[in-house]
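Given chain A, work out where chain B should sit, using these hints.
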Amino acid sequence: MENYNEIDDILAEEEFVPVVFQKAINGVKIDESTEKGYIEQGSKTELPFWLARELHMRQAASISVPACFNQKTRLEIQADAACVDLRSRCPYFYEFGSKLAPLCDKTIGLLLPYAFRIRYKEILHKAHTIAFAAASKFPTLLTTEETSLYEAAQSSMAAFKKWRAGGPRLQRASILGRKRKPAE
Amino acid sequence: MYARKGYELVKDLANGEKGQLQPFNEDLFNQVVDQCTQHYLELQALIRKMQEESVDVRETRNSDHYGALIHHLSLIRNKRCLMAYVHNRAEVIQNFAWKVGLELLELPEEIQEKLSPSEKNYFGKHSSALQTYMAEVGIDLNVVKSLSFTRNIDLMHSEFQTNNSCCNKKIIKIVWKIYCVANGYNLSLQIVNVPFF
Numbered sequence: 001m002e003n004y005n006e007i008d009d010i011l012a013e014e015e016f017v018p019v020v021f022q023k024a025i026n027g028v029k030i031d032e033s034t035e036k037g038y039i040e041q042g043s044k045t046e047l048p049f050w051l052a053r054e055l056h057m058r059q060a061a062s063i064s065v066p067a068c069f070n071q072k073t074r075l076e077i078q079a080d081a082a083c084v085d086l087r088s089r090c091p092y093f094y095e096f097g098s099k100l101a102p103l104c105d106k107t108i109g110l111l112l113p114y115a116f117r118i119r120y121k122e123i124l125h126k127a128h129t130i131a132f133a134a135a136s137k138f139p140t141l142l143t144t145e146e147t148s149l150y151e152a153a154q155s156s157m158a159a160f161k162k163w164r165a166g167g168p169r170l171q172r173a174s175i176l177g178r179k180r181k182p183a184e
Numbered sequence: 001m002y003a004r005k006g007y008e009l010v011k012d013l014a015n016g017e018k019g020q021l022q023p024f025n026e027d028l029f030n031q032v033v034d035q036c037t038q039h040y041l042e043l044q045a046l047i048r049k050m051q052e053e054s055v056d057v058r059e060t061r062n063s064d065h066y067g068a069l070i071h072h073l074s075l076i077r078n079k080r081c082l083m084a085y086v087h088n089r090a091e092v093i094q095n096f097a098w099k100v101g102l103e104l105l106e107l108p109e110e111i112q113e114k115l116s117p118s119e120k121n122y123f124g125k126h127s128s129a130l131q132t133y134m135a136e137v138g139i140d141l142n143v144v145k146s147l148s149f150t151r152n153i154d155l156m157h158s159e160f161q162t163n164n165s166c167c168n169k170k171i172i173k174i175v176w177k178i179y180c181v182a183n184g185y186n187l188s189l190q191i192v193n194v195p196f197f
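If you read the protein sequences in the order shown, they are chains A and B. All residue numbers in the first sequence are consecutive under the UniProt record's numbering, ending with 184. All residue numbers in the second sequence are consecutive under the UniProt record's numbering, ending with 197.
One chain only, chain B, in its complex shape:
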């Protein structure tokens, strides 16, 4: 069936749990690429046949034209499936930087095994770009995952006399920022300079 392999690849991605990464399906990925080549060869053969019969390839709408069209559409479809597969995985991988750690070696081995070499490369470049940016701006944006920071926020609950149950995390974060700025604490050093300990 036409462009079926691309569909199988996307299905493989969709079957995994949201936010969870499946191992990179190298085998199926290559099969899709092979199928693309196959479609391309058949497309070329049909166009060549039309040229040999010396009909106008651009204008004629004969049975060969529609055959070539179907192969062309299948190619585009397979391309879309491949792009979606890579793109959606890349999004999950980008999130690792925030949720797990900025260094590739920080990632647990189970996750590293699931990445393809180019995905590892991508992750490395993505996090180094992030690190450069944070160094330039002078703010550690990656505070959310830090446990000690969350503990500080907990302490601030009592500090600001707010009721635990109706406290909005976002408000606390903003208050914490204002507190740091007001006291002259560098935001990136906040975990060291904890005022409550």
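Looking at chain A on its own, in the form it has when it is part of the complex:
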């Protein structure tokens, strides 16, 4: 597994998906609120993706499409992908979607590049033109993957401007950034 130690990969796999159990399961308590220590066949619940995938592969549970890829979201993306608040739906929209697509709904595979193509253009455009990032609502709509693109675009623009102005070439190491100035 090449992403074994990757934080984003782990977090993306923690997204919940609705599942229906195809087998009865003993000795587990999926829902903390109930006292019973088993799962009946046909019962429905939501599981983190890493668990749902393994159970799905062993025919113990079937996965259905989670809310962040439902019809409503798809319609909104088709209307104007750049304005959809994907972060509140799923902070790892693309990662999660590409993992999910082969397991439950192949059309997600078409949705992702469509959404990304439109949003990518918008991200690059906004990253260069928004002067006050705090005042803009746009960054709050972005998923984690898009945020890193947005920040990369902004920092490269800032570096370019600094280079043109011939600014200072010495930079503090980023790990020392938090140091307080000694009181004089």
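FYI, nobody ran anything at the bench for these hints, they're computed from the structure. No residue lacks a Cβ here, since even glycine has one placed at the ideal position from N, Cα and C. Watch out, some of these pointers could steer you wrong.
Claimed, not checked - Under the rule of at most 30 Å between Cα atoms (straight-line distance), these lysine-lysine pairs were calculated in the DSS-like manner:
1. K23/A / K49/B
2. K99/B / K162/A
3. K121/A / K99/A
4. K125/B / K114/B
5. K120/B / K18/B
6. K29/A / K79/B
7. K99/B / K99/A
What the hints assert, rightly or not - What follows is a list of derived Cβ distance ranges for each label pair:
8. R58/B / I130/A: 58 to 68 Å
9. N70/A / E103/B: 49 to 59 Å
10. K18/B / M157/A: 17 to 27 Å
11. A158/A / L28/B: 32 to 42 Å
To be verified - Covered by chain A, per the in silico footprint, the following chain B stretches (three or more residues, Cβ under 8 Å):
12. 3-11
13. 34-46
14. 65-77
15. 82-91
Just chain B, lined up with the frame of chain A:
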């Protein structure tokens, strides 16, 4: 919920700023380990139950088997979270050697407080391995952080008649190396033997 503690641990790491080190979360780390033990005990109990009912543990796919499977998967998941936590911190700590200093005592106290004892040990061994290597090869690889070296590069801007604004740092570094070799300067002594002062 299953393997939830591992997720919390990774989340804790992800919430910190990139390149910044959070204090080692000993408490949560131990909770994850405890949860692993818990999963292991429940897994064992289910397997034992299957053995008592004298069913074939390898082949049978009954409800006990799937219960054991879930505990097994949760264990593996928690292990992955623990590994990722330690691994990603270790990467940040390794970078200290280049960015701050090769000795543990060179690190500012704020950073030292955030390391766990085994991480301090790791840092010490990592930097001593680096130092041994550099001594063997005879090159101080850690020139980038040296302020005086950067100043030398600045001086070389004018020396080589290059325009400040279009100078690539990498090119300067290579030119500097060639300059040192050509003039017989030992690369590791370059800060002392500055030709411009």
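Evaluated hints:
1. K23/A / K49/B: 18 Å, holds
2. K99/B / K162/A: 22 Å, holds
3. K121/A / K99/A: Status holds; Cα separation ~24 Å.
4. K125/B / K114/B: 18 Å, holds
5. K120/B / K18/B: 20 Å, holds
6. K29/A / K79/B: With a Cα-Cα distance of about 20 Å, the restraint between K29/A and K79/B holds, given a limit of 30 Å.
7. K99/B / K99/A: 37 Å, violated
8. R58/B / I130/A: 58 to 68 Å: 60 Å, holds
9. N70/A / E103/B: 49 to 59 Å: 56 Å, holds
10. K18/B / M157/A: 17 to 27 Å: Given about 19 Å between the Cβ atoms, the range holds.
11. A158/A / L28/B: 32 to 42 Å: 36 Å, holds
12. 3-11: holds (count 4)
13. 34-46: holds (count 3)
14. 65-77: Check passed, 9 qualifying residues.
15. 82-91: holds (count 4)
Comparing the model with each earlier hint shows a violation of hint 7 alone; every other hint is respected.
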